[in-house]
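Now that you have both chains on their own, put them together as the hints suggest.
Listed here are the chains, written in short residue letters.
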Amino acid sequence: MISLYVGSTSGYTGKTLITMGLGHKLKKDGLRVGYMKPVGILPLKVDDILTDHDAWRIYRALELKDPVPDICPVVLTQELAVISYLKDVKGLLGKIVNSFNRLSKDKDIMLIGGYGSVYTGSYLGVQGLQVIKRLNSKAVIVVKYEGEYIVDYVLQAKKDLKDKFLGVILNKVTEDHRQSADEYAVPFLKRKGVDIIGVIPQDPVVGSITVEELTEMLGGKVLCCHDKLGNLVEHFLIGAMQADRAIEYFKKTRRNAVIVGGDRVDIQLSAIESGSVCLILTGELYPSEIILSRAEQKEVPMMVVREDTFSIAKKLEKLSVRLRLRDKSKVERGMNLVADNVDFSMIYKKLGIKTGS
Amino acid sequence: MLDNFFNPKSIAVIGASRTPGKVGYDILKNIIQYGYEGAVFPINPSATEVLGKKSFSSLLDVPDKIDLAVVVVPSKNVIEVIGQCGAKKIDSAIIITAGFKESGIEGAKLENELIKKSQECGVRFIGPNCLGMIDTHSKVNASFAAGMPAKGGIGFFSQSGALCLAVLDRALPDEIGFSKFISMGNKSDITDTDVMLALSEDENTKVILGYIEGVTDGRKFMEVAAQVSKKKPIIILKSGITSAGAKAASSHTGALAGREAAFDSAFKQSGVIRAHTINELFNYALAFANQPLPKGPYVAIVTNSGGPGILAADACDKSNLQLTPLHKEYVDELRTFLPPVASFYNPIDILGDSGADRYERALNTVLKDERINGVMVLLTPTAVVDVDATAMAVVNVSKSIDRPILTSFMGKQRVESGTKTLMKYGVPNYSYPEEMVSSMNAMYNYYLWINRPEKTYNNINGLKEKAAEIFDEVKKESRDRLYELEVHDILQAYGFSQPKSLFARTPEEAVAAAKGIGYPVVMKIMSPQIVHKSDMGGVKINLISKKEVENAFFDITTRVRNIMPAAHISGVMIQEMVPKGKEVIMGITKDPHFGHMIMFGLGGIYVEVLKDISFRIVPLSQEDAHEMLRETKTFPLLRGVRGEAEADIEAIEKSLLILSQMAVDFPQIIEADINPLLVRQRGEGVVAIDARFTIGGD
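So the protein lines, in turn, are chains A and B. Position in the first sequence (from 1) plus 1170 gives the number in the numbering used here. Position in the second sequence (from 1) plus 125 gives the number in the numbering used here.
Looking at chain B on its own, in the form it has when it is part of the complex (with noise of 0.2 Å):
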C-alpha cells in the first residue's frame, strides 16, 4: 500500500525552486542529498536547471515516467497541477502547500475543489498543509525537514507538522532509528487509517507511532486500528480533549461523558496504546522498537541504590507488573557473590560500590529464574562504579536473552556516554525510574492484547420490535423525549425488571393503587414537563398508609403547581419499594465521530459528583462489559465490603449488554439512562428504577 510514497522510482516537485530558503529549494535538495537513487525532476517554468537536476517548465513535459509528485507550488495553482498529475498518470502525490481548510472559507473551498479534482484523476494525496514524508529505508526525503533520521523501526505519523520537527530534532543526537516520517496535514485524502494500514504491512516499521488531533470517522479508525494493533503495536497520542461539549446535555450520561471517553473507549477497544504526554510516546517507543514484549507480569529490578530501588517497586505497585522474589535456588546463588548486607529479593540491591562484573554476574543469575519475565536495571552513578563498562555488560546480557531489559541510568554527566552505548545497542535508557516501569507496563499490556482470545459477542436479538413501534411514534408526534410510560415498556421489552408501578389521577385513585401494590408504596409525580423529578420535591418515598398516601398526593401535586404552574400534571405514578440494594446507573450516548457509547458508574445520585464511570464503544462485548465494571474505583463495593453480600454483579454485566444490543437496534437513541439500577444480591438480578430516553436524528 501507497508503495509509489514510500519506495517511488522517480519523483518530480512542482514548484522547484533556486532560492535557498524556499520550500521549494530545502525539498529538491532534501531529495538529493539525503542518497535517493532514483530520478528527480525539478519542474519550474522559469529554469533549465535547479541544484544540477534539468528542469522542465511543466510536468507534462517531463518524458520519462513519474511514481510520485512533491507540490510546492501556490495554492492557487495546486489544482491544476493534480490535473496534469492526472493526465501523466502519477497516481501519488504529497501536496505541501498550506493555505486551504486551515486558513479560512476561501481555502475551505479550494480544499473541497481539490478533493473533488483528485478523485477525478485518480491521485492519492498526503496534505495538504505538510511538511512532507520521509523513508530512511529508500532514503526519500520528500519533506522541508532539517536533517534524515537514522534508520531504524519506528513509523511515525503526525497531524501536527511541527511536532513532526521536534520529534525529529529530538531524535537526531540519539540516533534514534525511524522507517517512515509521515506529517499529516489536513488529512483531505489520505488519513490515519490509510497509513496505519501502510505502516502495518511495512517490513521496516516494528511499532507505529501517531499524533492525532482528531478523526474524521471513527469508526472506521477503531475498526483498522484494532485490525493493526494485533500486528504491530500502535502507540498514540492524541491532544485537543476538552469537556465542554458536556454542559447542554440533559443525562447523566450525557454529562458525563465528554470528548475524551470516546476517544478513551476507543483506544482501548481497539489496542492502541495511548501516550500521554510527548515524552510517554517517546518511551514507549524506544522500549518497542527495541525490545521483545515481557510474556508476563513478573519483573525483577536490579540496582546499585536503595531509593530508586524504591521508586521503581512503588511504581511497578501502581502498573500491572508484579515484582516477585527468585527463586530460592537463585536467592542462593546471588548470595556467593554479592555482599552480605545486599537485598537478595526484588528489588535487587546490589549496593553502591558495584563494578560492571557484578552487575552482568546479578542479571545472569536473575534471568536464570524462568519465571522472570523482563529486567530493569537501575545504576545511579557512585564514585566507583565503571558506566560504559556497566553499560556494554547490560548490552551483553541483553543480546543473549529473548526477555526485555530496560534501564534507568540516572543523572546526566557521568552517564551520558554509557547511556549511548545502551541506546546504540538497542537498549532503551529512560532518565527516571518511573518512565522506565511505566514502558514496560505498556509492553505486558500489548502482550496481554495480543494474546487475548477473540472478543466474544452475544447474541441478543428479538427484542427489537415491540420498541420500534414505541420509537416510531415518538417520531411521529416529533418529540424527543419519551413519556415514562413508553420508556418503561422499553424496558420491559428488553427484559428489564421493574417495580410494579400503576398510574393514578386522584388521591383516591393513588389510595387504590397503593393497595394494589401493597404498603410501603414510592409515589412520583407524572408530567411530560418534568425530567428529573426529585430535583422539584416531586418524589416520596416508604409511604405506608392511606393517610400518608393522601398526604403525598396532596403534597407532590401542590408543590408542582405552586413552583411550575405551567407544567401539566398528568397524576402521580404508585410504584412497590424495591428493596435495598447497590444503587449504578448505566446509559447510553452518543458521541459524533464514534456513535453510541455505553456508560457505567456507581453511586446513584452522587454520580455525577464521584465521576466513577467507565465507558465502552457501542457494541460491547462480554469482555467490555466485563472490564468496564472492574475499571471503576469503587468496584469492590459491588464485591461486598465488612461482611456485606456479593451484589449481582453478572445481571450488572448482562444489563450493560442489553443496552448496547439496544443501541445498535436504535440509532436514533441520542442518549438514555437507567439511573438508579438497583442490584440486588448475587442470583437476584437488578431492577430499573428510573430510566430517560431522548432520540433525534434519524
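Here chain A stands alone, though its shape is the one from the complex (with noise of 0.2 Å):
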C-alpha cells in the first residue's frame, strides 16, 4: 500500500480539486484508491456524523464505501478550537492513525488531504509533518503560483519533508505569470532537483462562484430571479462610473456581477441589459419596481446588501482565495484541468506504481 499526501505551504491553494483529480485517475487506472483528510476545519454533520464539507465532497466523488467517522477523524469545530486554546488535547493524532490503519486495510493507495499548509495543526499535535511522517506517506507540494519568489517556500518544504518529498504542482498559474513560471521558476526548481509534477492554469470556471454562494457569504437579500441563483460570477465590477463607460467594462468582462449602489439606476439598468449576470446592490437601498421587473425579465438575480460599495468590494477580494468545490460543472471541469496539466506518470514512476497500459 501506498500513501500519498497532498500537502501545501500555505493555505487556499486548491488541493482539494487536485486531490479530487488525482483519485479519479488513480481510480480510472485500476488500482484501489482510499481517501482521508486528517483534519477538517469546515465541519458539517452528515446523518449527526460529523465531518468535513470537502473530505465530503472527495468521498462522494471517488464513490468510496469506507465508514465516514474515519474519512475525517478530526474535525475542528468552534468546540474544539476553544477547548485546545484552554488546554492541551491529546491522543488526536492516534487517532488520526487508527482511522488510517483502517481504511487502508484493503487499498492499493491512501490519498491523504492536508489542510492549511504541512505546518499547521502543532497547537492540535497533529502537524502536517508530524502526519505525513507517522502515516509513513509522500508527499506532493501544491503551491499557488503568484511570481518566482515561490521556489523559496518550495525549497523549504523539499528541505522539511526530507525523503518524504516527492515534488510540486504549481497550481492557480495566471496568464501575466506563465511566462515568469516557465522561464525561471521552473528550470530553477528542476536545477535544485525539484520534481514538477505539474503546472496548472488558472481557470476562470474553477474560479468562479455561484450567486447564491455569494448571497450567503454576504448576507444579501435576493430580490428577484430565484431560480437563478446557480449563475456562475467570474468577475466583479464596480458600478462607480458613468454608465456609458460603465457598459463597455460589462459587456467586456465575462460572467461579471455588478457591485452598485442601490440608489444607481442608470448603472443597475446598463448591467441588467449588458448581460452581467448578477447585481449586488449595496447600501441597503432596494431598486425600484422598473428596474426589478426588468431583471426578472432578462432573468438577472439581485440581491440587497447592508453595507456599501467599498466595504462589500474588500470583503470579495478576500473570498477569491477561498472558494468552495461545490458546483458541478466546476468539479468536472476542474478534474479535466488535473487530467490535462498533470504528469502521472511522473508520479507513477516515482511512487513505483504499474499500470496496465
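Just so you know, the hints here were simulated from the structure itself, not pulled from any lab data. Please note that the accuracy of each hint is not assured.
[What the hints assert, rightly or not] Just so you have them, the derived chain B footprint on chain A, three or more residues with Cβ under 8 Å: (1) 1241-1255; (2) 1313-1326.
[Stated by the list, open to error] Examples of chain B residues lying across from chain A (beta carbon under 7 Å, computed): (3) Q209; (4) R630; (5) Q654; (6) D660; (7) M661; (8) T683; (9) N687; (10) I688; (11) A692; (12) I694; (13) S695.
Owing to the predicted nature of the structure, the values given are computational and were not obtained by experimental measurement. Just so it is clear, CB atoms sit at the ideal spot from N, CA and C, and this is done for glycine as well.
Printed below as a string of C-alpha cells:
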C-alpha cells in the first residue's frame, strides 16, 4: 500500500481539487483508491456524523464506501478550537493513525488531504509534517503560483520533508505569470532537484462562485430570479463610473457581477441590459419596481446588501482565495484541468506504481 | 437691529456707473427713482457726476457721514473698499459684487480675507454675490431688481438672487405688498438668523418669508427661529434635499436619516412653517399678511357649486381643520332665504344662481355662529353671478369681523377683476380650493404653535457616570464601535430593561447558561466583526432543550466560520426568550448642522422598507416625544387593533427622552440604535433586545 499526502506551504492553494483529480485518475487506472482528510476545518454533519465539507465532497466524488467517521477523524469545530487553546488536547494523532489503518487495509493507494499548510496544526498536535511521518506518506506540494519567489517555500518544504518529498505542482498560474513560471521558476526548481509534477493554469470557471454562495457570504437578500441563483460569477465589477463607460466594462467582462449603489438606477439598468449575471445593490437601498421587473425579465438575479460598495468590494477581494468546490460543472472542469496538466507517469514512476497500460 | 441697512440717512454707491445696463448704474438709479429721501453719494474715480448726483473719486473724499455703503466694484477691490468703510466709520455695507466662494478656490480665499477685513474694521455686510436690498417703507431700493414692490407686511429674504427677482416680478401685477426684500447672497457675514431677528423687530413686517438652501449653524437657526416664530410667522422654502448621504451609514438610524429629516425636524421644533413650493410660499404669505389667525379648527365653506365644495371638504379632511355643521339656529336662518334645494350643512351650497347679496347674507349668517373660527368662500363663474359685486360683498364681511376669510374664485378671465378687488382689500384669493384650505390650515397650525404651553424638559440626570467610563475606554482603544457587553452596560446604566443573558464559549457552557436562564432561550453569535448577526445566520431563537442548544451552537459557529473565516468568534450569548410584544426601533444619529437627532419607528426588521419613522432634534421635550409617536402612520398599531391590548406607549416616550439625554451626555455618539425595542402591554414596559453604538470625533 502506498500513501500519498497532498500538502501545501500555505492555505487555499487548490489541494482539494487536485486530490479529487488524482483520485479520479488513479481509480480509472484500476487502482483501489482510499482517501482521508486527517483534519477538517469546514464542519458538516451527515446523518448526525461529524465530518468535513471538502472531505465529504471527495468521498462522494470517488464513490467510496468506507465508514464516514474515519474519513475525517478530527474536525475543527468552534468547540474543539476553543478547548484546544484552553487546555492541551491529547490523542488526536493516534485517532488519525487508527482511522488510517482501518481505511488502508484493502487499498492499493491512500490519498491524504492536508489542511492549511504542512506546518499548521501544531497546537492540536497534528501538524502536517508529523502526520506525513506517522503515516509514512510521500508528499506532493501544491503551490499557488504568484511569482518566482514561491521557489523559496518549495525548497524549504523539500528540506523539511526530506525523503518524503515527492515533487511540486504549481497551481492557478495566470496568463500573466505563465512566462515567469516557464522561464525562471521551473528551470530553477529542476536544477535544485525538485520534480515538477504539474503546472496548472488559472481557470475562470473553477475560480467562479455561484450567486447563491455570494448571497450567503455577503448576507444579502435576493430580490428576484430565485431560480437563477446557480449563475456562476467569474468577475466582479464596481459600478461607480458614468453609465456609458460602465457599459463597455460590462460587455467585455465574462460572467460579471456588478456591485453598485442601490440608488444608481442608470448603472443598474446598463448592467442588466449588457448581460451581467448578478447585481449586488449596496447600502440597503432597494431598487425601483421598474428595475426589478426588467431584471426578472432578463433573468438577472439581484441582491441587496447592507454594507456600502467599498466594504463589499473589500470582502470579495478576500473571498477569491477561499472558493469552495461546490458546483458540479466546476468540479468536472477541474477534473479535466488536473488530468491535462499533471504528469501522472512521473507520479507513477516515483511511487513505483505499475498499471496495465 | 440692522437699522442702517433698512433706514439709512445717507447711502454711498461705490462703483456707481454712468453706463446704462451696468449694475453700478441700475442700483444708483433704483435708489434715486423710487423716492429715497436721504443723501446719495456715487463713488466713481473717473466721473464728477452720475445720474445728476455729485460723484466722489473715493469714499474717503465724501465730507458727510454715510450710513450705508453699497459696493459694486470688481471683486479684487472689495477688500480695499471695506477698509475705507472702516476708516469712514461706516458700519453697514451691501456687497453686490460676485466672484467670491461661488466662483472657485481663488474666490473662496478672497471671501475669507473679506470676512477677516470686515471684522477688523467693524463693518457688517450683506452678501457678497447678492442682488441687494429693498425697504418699501423707507423707500430704499438698493438693488438692481427691475421694479419696486408695493408697501406691505411681508418681509422676504432669499439665498437665491434669481428667486428674489421671480418673486418680485410675480408680486408686482397683483400689488402684493412687501416690507423688505433681502437678497442674502453668500451669507458670509449677515446670516438668516440675523435677518430673522431684525425682521421680528421690524414694525412694518407682519410675516417673515425665506428661501434657504442650507444653514451654517443649525442650532442657532433653531434657537432664533423658535424665538421669532412666537412673535411672527416664519414661512420658509428649503431646497437642496437629497438622501444620498445615507448610503455609507452602518446603522438603521443612520440609513434612514437624510438631510431632509434634520431640516424637517428643525422646522417643526422651532415653529417654522414649511412651504414645499414657491406657490405655497406665496399662498401662505398672502394669508398670514392679510388675515387674522383662526382661533380653532372649525371652519365653514360657502360655495355656489357642489364639486369645488367637495374638493375643499376633502382637503379639510386631510388637514387639521374640521368642517362642523352650524348651530340649528343658524341653519334655520339660512333656510329663510336660501332655496330649498340648497345645502344647509357644511359645505354650505348656496347654488349656482346666487348673486352677491345671497353670498353676503349667507356669510353673515354663518359668522353669527361663534363656534366657526374661519370661513372659506368658493365661487365658480356661473352666468348669473356678478363676480365684482360678490368680491365687494366678501370684502365688506371680512372688514367687519376678526376671523379669517379666504376665497377661491375659480377660473381666470371672468374672475380677474373680482380677485383684484379681493386682493386689494386684503382678502387672499386662490386659484384652487386645495390651496385655500392648505393656507387656512397653515394659519391654524401656527395658531396652535404660538398658543402651545412652554415645552417641558425632563430632568434625567445622574445616569452618565458609569457609561462615561465605557465610552472613555472605547476611545482609548481607538475603536469606533462598542462591544456588545459595553452596549449592554450602557443601556443598563440608563435604566433600559434587557433580556437576561449569559456568555458562553463552548456548547457545554451554553447548555449551562441556558439552564441557568431557563428554557426557552435565544442564541446569538458574538464576534466583533459581525454587526448584523441575523444577516449572517448568527441568531437562533426558541431553543427548548439541551440538544437544541448544542445543535444551535454547532450550526451558528460553523456557519460563521465557513462564510467569514477571518472573523473572530468570541462565543455565543444565551438570552432569555422575551415574551411577545410589538417591535419598535429608536436611535440616535448626528446631523452635521443640527447635531444629534432622535429617531423613532415601527416595524422591527421591516423598518427600512416601511420607512415609517419620525425624527426630532435633541434635546427632546415631553411634547416632542409625544408627537414623534403620533406622527408615524403605524401608530394605531401601538394603540392596538382588533381587540389587541394597548402597548406601553408611555414607556416608549420615556425611552425616547432617556435616549435624548444620552445624546446630550455623550456628544461623541455618532450613531446608535436599539432595534428591536420590544414594547409590552401598557404598564409592563419595554425591553431592549438588541442595540449598537458607534462613536467618533471628540
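The hints, checked one at a time:
1. 1241-1255: holds (count 5)
2. 1313-1326: Result for this restraint: violated, n = 0.
3. Q209: violated (49 Å)
4. R630: Holds, about 5 Å.
5. Q654: With a minimum Cβ separation of about 11 Å from chain A (threshold 7 Å), the hint on Q654 (chain B) is violated.
6. D660: Interface hint status for D660 (chain B): holds (3 Å vs cutoff 7 Å).
7. M661: holds (5 Å)
8. T683: holds (5 Å)
9. N687: Holds: closest Cβ of chain A sits about 6 Å from N687 (chain B), inside 7 Å.
10. I688: holds (5 Å)
11. A692: violated (11 Å)
12. I694: With Cβ-Cβ at 6 Å, under 7 Å, it holds.
13. S695: With a closest approach of 10 Å, the S695 (chain B) hint is violated.
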